[in-house]
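As you go down the protein sequences, you meet chains A, B, C, D, E and F in turn.
Under UniProt numbering, the first residue of the first sequence carries the number 1, and numbering increases by one thereafter.
Under UniProt numbering, the first residue of the second sequence carries the number 1, and numbering increases by one thereafter.
Under UniProt numbering, the first residue of the third sequence carries the number 1, and numbering increases by one thereafter.
Under UniProt numbering, the first residue of the fourth sequence carries the number 1, and numbering increases by one thereafter.
Under UniProt numbering, the first residue of the fifth sequence carries the number 1, and numbering increases by one thereafter.
Under UniProt numbering, the first residue of the sixth sequence carries the number 1, and numbering increases by one thereafter.
Rather than coming from a laboratory, the hints here were simulated on the basis of the structure.
Treat the hints with care, as some may be off.
The list cannot tell twin chains apart, which means a pair is met if one copy fits it or any two copies do.
Below, a list of computed lysine-lysine pairs in the DSSO-like style, where the Cα atoms sit at most 27 Å apart [said to hold, decoys possible]: (1) Lys71 <-> Lys25; (2) Lys311 <-> Lys298; (3) Lys71 <-> Lys84; (4) Lys139 <-> Lys125; (5) Lys315 <-> Lys217; (6) Lys84 <-> Lys25; (7) Lys20 <-> Lys80; (8) Lys244 <-> Lys315; (9) Lys125 <-> Lys315; (10) Lys119 <-> Lys244; (11) Lys217 <-> Lys298; (12) Lys311 <-> Lys151; (13) Lys80 <-> Lys25; (14) Lys311 <-> Lys244; (15) Lys177 <-> Lys311; (16) Lys92 <-> Lys71; (17) Lys69 <-> Lys84; (18) Lys298 <-> Lys244; (19) Lys298 <-> Lys20; (20) Lys25 <-> Lys298; (21) Lys59 <-> Lys33; (22) Lys59 <-> Lys84; (23) Lys244 <-> Lys177; (24) Lys98 <-> Lys151; (25) Lys139 <-> Lys235; (26) Lys71 <-> Lys98; (27) Lys80 <-> Lys217; (28) Lys315 <-> Lys177; (29) Lys298 <-> Lys59.
Computed from a predicted model, the values in this text were never measured in an experiment.
Number of protein chains: 6
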Amino acid sequence: MTLINQLNSQDEFVGFYLLKEVEIKQTNNTPPKDYLDIILCDSSGELPAKLWDASALDKETFFPMGLVKVKGLVQTYREKLQIKILQIRPAKEEDQVKLTDFIRSAPVPSDTLVQTITKIVQEIKDPELREIVEFCVQKVENQLEQAPAAKTHHHNYYGGLAYHMVRMLELGEFLCKQRPFLNADLLKAGIILHDIAKPEEMVARLGIVSEYSVPGKLLGHIAMASSWITEAALKLGIAADSPKVIALQHLVLSHHNLGEWGSPVQPQMAEAVALHHIDALDAKMQMVEDAMNTTPDKDEWTPMIRGLENKAIYKTRI
Amino acid sequence: MTLINQLNSQDEFVGFYLLKEVEIKQTNNTPPKDYLDIILCDSSGELPAKLWDASALDKETFFPMGLVKVKGLVQTYREKLQIKILQIRPAKEEDQVKLTDFIRSAPVPSDTLVQTITKIVQEIKDPELREIVEFCVQKVENQLEQAPAAKTHHHNYYGGLAYHMVRMLELGEFLCKQRPFLNADLLKAGIILHDIAKPEEMVARLGIVSEYSVPGKLLGHIAMASSWITEAALKLGIAADSPKVIALQHLVLSHHNLGEWGSPVQPQMAEAVALHHIDALDAKMQMVEDAMNTTPDKDEWTPMIRGLENKAIYKTRI
Amino acid sequence: MTLINQLNSQDEFVGFYLLKEVEIKQTNNTPPKDYLDIILCDSSGELPAKLWDASALDKETFFPMGLVKVKGLVQTYREKLQIKILQIRPAKEEDQVKLTDFIRSAPVPSDTLVQTITKIVQEIKDPELREIVEFCVQKVENQLEQAPAAKTHHHNYYGGLAYHMVRMLELGEFLCKQRPFLNADLLKAGIILHDIAKPEEMVARLGIVSEYSVPGKLLGHIAMASSWITEAALKLGIAADSPKVIALQHLVLSHHNLGEWGSPVQPQMAEAVALHHIDALDAKMQMVEDAMNTTPDKDEWTPMIRGLENKAIYKTRI
Amino acid sequence: MTLINQLNSQDEFVGFYLLKEVEIKQTNNTPPKDYLDIILCDSSGELPAKLWDASALDKETFFPMGLVKVKGLVQTYREKLQIKILQIRPAKEEDQVKLTDFIRSAPVPSDTLVQTITKIVQEIKDPELREIVEFCVQKVENQLEQAPAAKTHHHNYYGGLAYHMVRMLELGEFLCKQRPFLNADLLKAGIILHDIAKPEEMVARLGIVSEYSVPGKLLGHIAMASSWITEAALKLGIAADSPKVIALQHLVLSHHNLGEWGSPVQPQMAEAVALHHIDALDAKMQMVEDAMNTTPDKDEWTPMIRGLENKAIYKTRI
Amino acid sequence: MTLINQLNSQDEFVGFYLLKEVEIKQTNNTPPKDYLDIILCDSSGELPAKLWDASALDKETFFPMGLVKVKGLVQTYREKLQIKILQIRPAKEEDQVKLTDFIRSAPVPSDTLVQTITKIVQEIKDPELREIVEFCVQKVENQLEQAPAAKTHHHNYYGGLAYHMVRMLELGEFLCKQRPFLNADLLKAGIILHDIAKPEEMVARLGIVSEYSVPGKLLGHIAMASSWITEAALKLGIAADSPKVIALQHLVLSHHNLGEWGSPVQPQMAEAVALHHIDALDAKMQMVEDAMNTTPDKDEWTPMIRGLENKAIYKTRI
Amino acid sequence: MTLINQLNSQDEFVGFYLLKEVEIKQTNNTPPKDYLDIILCDSSGELPAKLWDASALDKETFFPMGLVKVKGLVQTYREKLQIKILQIRPAKEEDQVKLTDFIRSAPVPSDTLVQTITKIVQEIKDPELREIVEFCVQKVENQLEQAPAAKTHHHNYYGGLAYHMVRMLELGEFLCKQRPFLNADLLKAGIILHDIAKPEEMVARLGIVSEYSVPGKLLGHIAMASSWITEAALKLGIAADSPKVIALQHLVLSHHNLGEWGSPVQPQMAEAVALHHIDALDAKMQMVEDAMNTTPDKDEWTPMIRGLENKAIYKTRI
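Whole structure, please, built from the sequences with the hints as guidance.
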């Protein structure tokens, strides 16, 4: 079975793929005809595909996030590859293919990432901080293996959020060694909670965000996480205005650094400054790494990256 | 007893005043001598005053927010009036003067304002919104009569916060008549709660803010009020993620309109748009009105007002 | 006759509509064929329509802003409704349909709005302010019933400008009651004149703006209205540099508040501050209300609104 | 008689100077004593001066903008020169000194500058443009010889405005030769009128601005000049909405280029673009030249210049 | 042979043109067919053209920047002219047409421009400045006749860079006469070197930029030119930190005036201020002039111009 | 000998200190008297000091950066400590005190830091990158032990630059382990060279910057370092436009990330993105750490820190 990113123009192929998006469209013929405009993907990448002259049955059969078996021909359209679908059917029980094999995901297995996070939570020495973190992590425990860290910006894939957390925890541990005056418990707690409400802010399946939720738009993940901490404190019998609770909320609220980036307050504790810069460093480096990995080998430059001042990255290694 | 704003250069006077600020300073003589640098105020305004050659006893006797009896001489220093203190002593029991007669306050009595707010809370028809509002108002009920709405920006005096609320409630009621599609209960609740955490954000006495509190700096009144709503919902048995709770938090979180003004989300409900613009209209008009009232009659222009694009207001009536 | 906003996919219908826009386009066939790309509207809304295989006669018969009788079929194209025109002809005398029945307009009849404005002009007590306002209103009196307040931003329909004025006058009257130090005559005059040059700034027919005029682009409605006040003063024998004339020009010039929003000076009189904030409140609330009214009932969110920080409004009522 | 810029520390001198500013201040002694804090100037520069122990008579005798005879001693105070006044009296009739000999002024005599401007006005071929320019110039003809172009920014001295006009007219003439498609009449008219209302925007005497006028603050020189053009057209029987009038107003309104710099519209005619850039070039170069001329020879750098991105200029010639 | 800008709708014509761009595209037919999407140009302008039903041979025959003989029909597509190609072949030896006759170029012959520049280089009196300028100019001497000054912004055609230099040198000479304190040698050197690295920053052929080079993106022409000056000094035996070298680098580095426009330092020498403003004046005026020349006579307004605050220019002459 | 940061009000003490700044000032007495306004410091901090009634000899004896023996009395002036000098004399040979014992310095000995840097330079595997780095480091080798990284912003003390480099190298090493696709040689080289020109940009002695140098102001350390790389390449026989040279210059030029922060190009290589974020993380954390260390124990908050959005840091440990 050929991986998406190994298909070349004029190849004819048969294989299983994930039908990531599907839309019924009309050709510009007079009168117009219906066709299915499709995105096929697997773990290696994605390509647009067309099913010309879609029947009424076709239009009722195919839905986003379903696995399909496709016979297709690779064509070039406006300098980009595109698949002309010759035959297509939904995958069946007996095909023995599973969805998770077809999606893009973090380079470390999700369950390993979640175990690492769980372990580090247990290493938080301060019992109150630890319990608050546990409470908030439990709220999303069913989603943590899958959740991406963003819709498109960075770590936007299966397990992306957990991967971002783990990398930041590594950086945080190193920084605490460099600068022992930092409160390691507080920094760990802040790293784990800073984006903890993202799975509720966005509606995602298998790491692919389809839209923002209503609370996600009206409150945002920053205020949501801050409220979760309040809720945790109340339920755990910790005073909601105790210094630890306030410190932890401060780290969450300030982690975007500036008001125009969504933080209602700016970092005013050493650990809050550290959290913001560790977050920025990890997110930006991941944008670079992902863009380099998904840009075809022959290209010298990645596409422009919105989160990097809208600049492309020069890939050629010196 | 002469009011502060009626003292003229060269007047000699005796009277009771509030010693709003006092600091021990040194003259530039060689060697330097200690003197007390003082702000005297009453309900009509304030003036700087000096007690030259302060004794060790003087330095231990006078503290901010105390009432004093002063015999003084009005001088002009760098084109501004300044009092040379000839005699000064703390007010005594038998002087029968009370602090509240000497402070600047809202033009409507504070208890009337609080009664009005209490009455309007009771008029909120939706029982859940009403109970959440009651819960949050109770948190500051001891401070509501006194609390100012800001340190310097607007409504910065005794009862300023309650006065701001009441005026906004009047505007809100009018707007709901003009545009009946607005949810009047939600708008009322939003108006009452938008600044409800200000008494905890700032440390104030008698309407005079001395500094921001630690939670005030680290969280800000917007995130604090949002957390109070979470707390209210939890304690009242209302789901923290029910639409009403989210809507009310949205109004509070978005009322500064822009990230750079401190709101982590922007208004995305009709009532949130209304709340922001009613708040802006009332705050700006009060800045104008207060500046006009406290600028001497002879001046054509008020001082520059930071909240009005740093412009002075032309007072002369046409 | 079915209203535009009640047409559903697959409906076949016959009715009169306003042909708001029409453009000759080519299909992508080889060789391409001409068709008419049309916007049909009535008072309830608008829909795109196609007349495929347009004849030479068709191309000469249909022009923007004409009434037409249409037999059509409602189709879905890219998830949106679109009309396939089966038959079309211009409306005739004997059809007895009139243009004004087919356009979107303010919710209050335009003649009533203009009468209200005229009445309020007469209530301005200061004779000089009143005469200046009368002079400027007369300049656009033929357009005032129809003129929109903007091309797309807000109140962009028949009578939109007059409606905006009347609502602002109501708010202004309320504010003058709340804050009696305001000069009610000046505020009324400012409200009526602040956008008075808009009908000359934009070329509009029946409330639909086709483009900005040359003076509209080179001078803008703010400088135009300011010059009209100069002209009024000169013709009425009032000194062009008298305090009233300057105050009224100041209100007009400063009503956009900031330089980057088009005001060469910032508000520096109490009434100018009031004018700006009343204008903002009314315009923003109308954007919200119009967006909610024209978004299909089934949608939870309106489209993004440029004038509201490019945010969508959550329509669902709690 | 020694020029101000030739006085050195420890010099004792006698001479006539202009008393540019005088203020009664108090020493920090206990009790404080009155002294006069003075700025003395002549055409070469200015220095601060003190008259210690000022008598009641002294305080009533000396006013800003008067000529005085001074016997003084040059001292160094905080690394800057300062004059200790030993004796001072107002100049008398018989001293035969005149004010205009003591002020800073443009390097070309003012009457020559005004003659040049008058001559160029006469060279405008288009009679309507010429008459409008004449009308507006006449409004300030009594002030044109003296008026500065700004309070502090650039050309802030006797004849500064006329000097700025003449230099810009030279640049404009050169540019019209380089680019003959430009309308030389319109550019000339625009150059002469762009700052023509400055003498009414600011209150100045002998080129020294004391403050902004009320119309200057409420309208600004840009809107004022635009209204003058309207007035000129009306009085000369030229239609206020004729293309020439609109074009000329456009040049004036747009000459600050951006909204945040005070222009309600941006340049949209070739001559408007030219006007803005000629204005910028001349103003910035004059800031540089004036800063270099008034910085002591021994300094490598001028002070920071607000209009040049707050940068100092490196004076040393290579 | 008809010039591009004289073709009208429905004209049939035969002639030679430059094939500026060519792309293989597909029609939206089912199945799609290939066609060539082409830009044809000559010295008077450019038009889009289509070769429908392109053969395999066609797809291999035509490349950008080739001369072709075309028989075509002018059609209107979406209100714009477009050529339907009836016949097309590459130009042959015997056709005796040459590329340079078909490209847009500066209004003064390129060799004349380069001679003028060479002459002015020789007029720089200071031998070190002159030799550094010579060294840097030599680096691009093969490209200077052709190089444009920008990709799209201004002077984007054959000889555009040299033309920009010459015009700026004229303005610089005039300014040095107006303000003799300027160092004419330094200003000349700065003008010639400020954009000297542009031919290396962009990949261009015949004045048409296809893309930015790798060093162009990673370093930018400003830093490149600064390094060339270092290199020149080293090779000429001039100390790299001598005042002249630093001054010249300062002019180059600061000529965009602000950090957000690409200058790492701001102008801090008189000649640097002059250079920036001469550059701005010449570039902006050329944008205006080019836009006016290439907009059809019948249009009142040019298209919007990005470099002029995204405003269109009103072409109509008054 | 008491350390500066252990002196309390009313202490009388004798000891050696560094006279960091000294200025002759005058009291406000009539007539004023001269006194010396001094900053005394040692490695623990600094305090203002006054020598009242300074004699002519005193004024000629004391200069900045000299060691002195002082007998003094600690007083409180405007709530801050200040030393009244009772006796003072310059340190003599026989006092056997040395300057370097009295200055603030990095927490790691400077020679160790320089050795670490030297060692890491040798570990750069690519010979061309290594030699370029060696060349540039040699240019400042005499200053590297002492040089601060900034005037006031961060690492502003003896050895501050080397300390900043070493910490960044540690972070860079860790990041290269986390993300092995990074070119470790290039990142090391970029870290060492990014601020390498700072010792030439600023005039410093013993880690205390007195001012910016002329090349520092006119070129800035970013352009200077870029030119040094050019110089290195030329002298080492490496092509100035080879990919390695361009990459290294790109890292240096882009390390401030944005034009408004001084970078003429933005990061467009993975290592450039890494360099910017490592630099930011280390600089900001050091600002926090230094502010916490130099704020008195009793204070809950540090002073406001310009480089941290002008926020104070909450010191209290939770």
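Evaluate Lys69 and Lys84 at a C-alpha cut-off of 27 Å and name the case that applies: within, between, both or neither.
within (14 Å within a copy, 36 Å between copies)
Intra- versus inter-subunit Cα pairing at 27 Å for Lys315 with Lys177
between (33 Å within a copy, 19 Å between copies)
Regarding Lys25 and Lys298, is the shortest C-alpha distance of 27 Å or less found within a copy, between copies, in both, or in neither?
between (33 Å within a copy, 22 Å between copies)
Checking Lys315 and Lys217: alpha-carbon separation at most 27 Å within a copy, between copies, both or neither?
between (36 Å within a copy, 13 Å between copies)
If the cutoff is 27 Å on CA atoms, where do Lys217 and Lys298 land: within, between, both or neither? Let me know, please.
Between copies only: 19 Å across chains, 40 Å inside a chain, cut-off 27 Å.
Checking an output row: Lys80 and Lys217, CA cutoff 27 Å. Within, between, both or neither?
between (35 Å within a copy, 24 Å between copies)
Give the relationship of Lys311 and Lys298 under a CA distance limit of 27 Å: within one copy only, between copies only, both, or neither.
within (19 Å within a copy, 40 Å between copies)
Using 27 Å as the alpha-carbon threshold, which applies to Lys177 and Lys311: within, between, both, or neither?
Between copies only: 25 Å across chains, 34 Å inside a chain, cut-off 27 Å.
Tell me, please, which holds for Lys244 and Lys315 at an alpha-carbon limit of 27 Å: within, between, both or neither?
The answer is between: 14 Å across copies meets 27 Å, while 44 Å in one copy does not.
How would you label the pair Lys59, Lys33 (within, between, both, or neither) given a Cα cut-off of 27 Å?
Answer is both; intra-copy 12 Å and inter-copy 25 Å each pass.
Given identical chains, is Lys139 near Lys235, meaning Cα to Cα at most 27 Å, within a copy, between copies, both, or neither?
Answer is both; intra-copy 13 Å and inter-copy 19 Å each pass.
Could you place Lys311 and Lys244 in one of the four classes (within, between, both, neither) given a Cα distance threshold of 27 Å?
between (40 Å within a copy, 20 Å between copies)
In this structure, every one of the numbered hints holds.
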